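The primary structure of each chain is shown beneath.
2 protein chains.
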Amino acid sequence: MKFLVIGGDAAGMSAASRAKRNNPNLEVTVLEKTMDVSYSACGMPYNIADTSMDMDVLVVRKAQVFRQKQGIDLLTGHKALHLDPQKKEVQGQDIQGTPFSFLYDTLLIATGASPIIPDLPGMDLPGVLPLKSLEDGRKIKSYLAENTVKKALIVGMGYIGLEMCEALVERGVEVSMIRRSNDFIPWLDKDICDYVRQETVNKGVGLYFNQGLKKIEKKSMGLCIETDSMSFDADLVILALGVVPNSDMAEKAGLELGRNKEISVSRALESSHDHIYAAGDCADAFHVVTGQKTWIPLALRANRAGWAVADSVCGNRVELPGIAGTAVFKLFDLQVARTGLTVQEAVRSGFDAEQEVIKTRSRAHGQPGSTDIWVQIVGDKKTNRLLGLFMVGKEGVAHRINAPAVALSARMTVLDYIQSDLAYAPPFGPVWDPTLTAAIQLSKKLT
Amino acid sequence: MKFLVIGGDAAGMSAASRAKRNNPNLEVTVLEKTMDVSYSACGMPYNIADTSMDMDVLVVRKAQVFRQKQGIDLLTGHKALHLDPQKKEVQGQDIQGTPFSFLYDTLLIATGASPIIPDLPGMDLPGVLPLKSLEDGRKIKSYLAENTVKKALIVGMGYIGLEMCEALVERGVEVSMIRRSNDFIPWLDKDICDYVRQETVNKGVGLYFNQGLKKIEKKSMGLCIETDSMSFDADLVILALGVVPNSDMAEKAGLELGRNKEISVSRALESSHDHIYAAGDCADAFHVVTGQKTWIPLALRANRAGWAVADSVCGNRVELPGIAGTAVFKLFDLQVARTGLTVQEAVRSGFDAEQEVIKTRSRAHGQPGSTDIWVQIVGDKKTNRLLGLFMVGKEGVAHRINAPAVALSARMTVLDYIQSDLAYAPPFGPVWDPTLTAAIQLSKKLT
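Residue numbers (this note's numbering), protein chains in the order written: chain L, 1 to 447; chain H, 1 to 447.
Hints were generated in silico from the structure; no laboratory data involved.
What you are looking at is a predicted structure, and each value in this text was computed from that prediction instead of being measured.
Keep in mind that a hint or two might mislead.
The list cannot tell twin chains apart, which means a pair is met if one copy fits it or any two copies do.
[Unchecked claim] With a straight-line Cα cutoff of 27 Å, these simulated DSS-like cross-link-like pairs (lysine-lysine) come out:
1) Lys359 x Lys69
2) Lys330 x Lys359
3) Lys20 x Lys445
4) Lys261 x Lys79
5) Lys87 x Lys20
All chains, full assembly: derive it from the sequences and hints.
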């Protein structure tokens, strides 16, 4: 049986490797449009921050290992362009321009997502760079090495934008960030958001809101960036406006897509067409809280979905319960984390949502080194279900978010969560974990 | 109605405060044998480590606040000695030797636990000190301030012993520890345990096993400690042999006790006698994994149980689901955490238990600063239930343990846990959280 995989990153290589391990007789072919496979994309900002590190330390497993040790027919520089579900055929072109075509018994589309590049003048100028692929990372790092970059402008304030902000500040670059809307981290409640914004500004970062990008021009020295109402000078522009799923080929082949053009899949990652799976950033998922479809492209889901497809392809059909949108990022001294739904998201999904915001301490009473921890928690008035939790602090946030994340998977009520037996030691937290204290406060509003 | 509380620490003061908040007309009296109430006992080793801090920063709320602001009749220096459940009366003696007696409508016994002091020669010598009450902490700190303490011997290797070991090493004291048995941390698997032991020894600590204490003698300079086969010189001896529940009075009154003489209570903290509750370190609990009675005296449970009693006393009967024995401690650079059952404990409770031990990394591939994380995970072959998880590492352990702790509360299977949507960012962990990787490996053994 021929298992064809389009895309050689998290979902694609996870699926290919596991399928081959499950069934060594399976013919597994992977088509990857770039020359890179299986790398830690999320590690790029930290790598860029560190001049001593080569970008290729982010490669988890080299292409020849997949080929020689695992027996996977891994074809890099092979871009799939056309899918014919009737003929079960994928056509494309390799990096030399030579056309290719492959027949499959089962296909996995794991084409990922692409950075949004606005259709505006100057997006192709040298020094105007997005960050998505490892090649993007290399370009930014080379540009920083080969040019005098004193000032950078980051367009967008999502995870990538904020992580690149920290990376550039660490390299001594003066960073400004612009955003079209007037909110900073839209899922954080105002007080917490203000705190994170102030901590960012305190690092010397300029944050400019209500600034839609208009154009970028080359000047004698560096770049000039114009928005609706301002203009910026910079030596480097990072385009961090989010991503779109790579689903053009799937769309043309008639596969069902969702609201953001992500490929619509079942809990077993099956697309609307027989014998075609989709996984990773190009595909949607069910949300464990709402039970509804959602598109939150993150790495763990991509890996997990790849494995599930591999098992299904090998005869052991696996359904995934779904995602909670759990995420964390580092922003200078802060850890910022979320799981589940905000009040606004919850209301949109039909919940009678209520929230509580508390500020507490990261360590026990009388313990030195304690810092603030903010917790924003959301529950449902009708059912008492825990719906979401958001946290910011200088320590103890990144892993603390996983306890409420598990509670969301288990569909716990807020009262159930309050009874969880969490760990306590003075250097690591108060007797009542901050998430428990928040849940206790919220529970008073839910009854 | 008269609500009488015996014991003014975590469980007792939590109950008294909340009962008074719930119902300001309630007559609430607290009898505390020492002069201290409401302090962070677990913070004492860290306070002792720091010469600049007063021991009293650990007091969370002062006695006069409870008296004046909260209207609680709080009597310190009042030791309860006799309980008559028929007459609903408690008799005792205050610190001046004056007898007292109180009638109650509802009684809470929150007498806590006492350090085990072996019946051996020399236990009352100056410089031979246990650590349980705030007064114990003050004595150790004064002793360190007033004497030249170059060498200390710690008898016992439990949480308190190990935390005191770190505290004394931080103060420049040469520390040796002895233990009667030949294991270090009995609930850790051999490889992990060896790693923790080696890290402790690397800090210059002498660890001596199979050393039952025989006697302590005063010498011209310092103390001489003799075990079955060795003798030690030390300026200070810390007795950290564990604790026993303070249940003598309850026992004499005929209340039902458990295997360790802890007071046996229902899920609503009711003792075997009407109108008498027990909570905190003197009472038992149900284990969320086994459903059976257990005695694991820890601070969060004491606080939670105090609150539950207060609600029940005020007419809103509350049952607590129970505990998972979740705990964490810091040992030099290490964080050591546990939740749930070991294989041995699980087998004793009737499970068909299997475990897996993995060593992974604390951060993502290619991310600098990564260190080892060890995970030991236990599941049931019959039902696939997650039964326990144990973790050691230099970062990311203390709060990471809370995710499996919630999973135990939710009675998740190992397969359910694997599907939890946990957070990922390169500075904080691998894509697959170490607890997920361990669960994946374990799941292969469970099927």
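Verification of the supplied hints:
1. In the homo-oligomer, the alpha carbons of lysine 359 and lysine 69 lie at most 27 Å apart only across protomers (24 Å), although the nearest pairing inside one protomer, at 52 Å, exceeds that limit.
2. In the homo-oligomer, the alpha carbons of lysine 330 and lysine 359 lie at most 27 Å apart both inside one protomer (19 Å) and across protomers (25 Å), since each shortest distance falls under that limit.
3. Taking identical chains as interchangeable, the C-alpha atoms of lysine 20 and lysine 445 lie at most 27 Å apart only when they sit on different chains, with a minimum of 21 Å there against 52 Å within one chain.
4. For the identical chains of this complex, lysine 261 and lysine 79 are intra-copy neighbours only, at 20 Å inside a copy versus 72 Å across copies, given an alpha-carbon limit of 27 Å.
5. When the C-alpha separation of lysine 87 and lysine 20 is checked against a cutoff of 27 Å, the pair qualifies only within one copy, where the shortest distance is 24 Å, while the shortest distance between copies is 76 Å.
Of the numbered hints given earlier, the model fails none.
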